[in-house]
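J.: Construct the entire structure; sequences and hints are all you get.
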Amino acid sequence: MTTAVLTDRERAAVQAYLRLLHTVRAAFDTPGGPPGAPLPPAVPPTVLAEADQALRAAGLSGSEEEFFRLLASWCPEP
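In the numbering used here, the protein residues as written are 1 to 78.
A couple of the hints might just be wrong.
Stated by the list, open to error - DEER-style ranges, computed between Cβ atoms: (1) R25 / E64: 15 to 25 Å; (2) P45 / R11: 16 to 26 Å; (3) R11 / E65: 13 to 23 Å.
Since the hints were made in silico from the structure, they are not lab data. Yeah, the Cβ is synthetic: ideal placement off N, Cα and C, and Gly gets one too.
T.: Now the structure itself:
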């Protein structure tokens, strides 16, 4: 497997995506409130905005295939 050398902006996009992923996982792993209580948003708007901005800055907005290729090269599955 070849290893890609990410630019600073690409690295920031990957890191923002990983923070977003971990935030979503944490939201679903957290027990809910009382039955019938409204659920808080799974992802705080600031976390989603950070990921969107990082993707735009790296030129990866709308280019999911390229982004996930970079993600796989930088953070491969064990």
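J.: Does each hint fit the structure? Answer for all of them.
T.: We went through each hint and held it up to the structure:
1. R25 / E64: 15 to 25 Å: For E64 against R25, whose Cβ atoms are near 20 Å apart, the range 15 to 25 Å holds.
2. P45 / R11: 16 to 26 Å: holds (23 Å)
3. R11 / E65: 13 to 23 Å: At roughly 18 Å between Cβ atoms, E65 and R11 fall inside 13 to 23 Å, so the hint holds.
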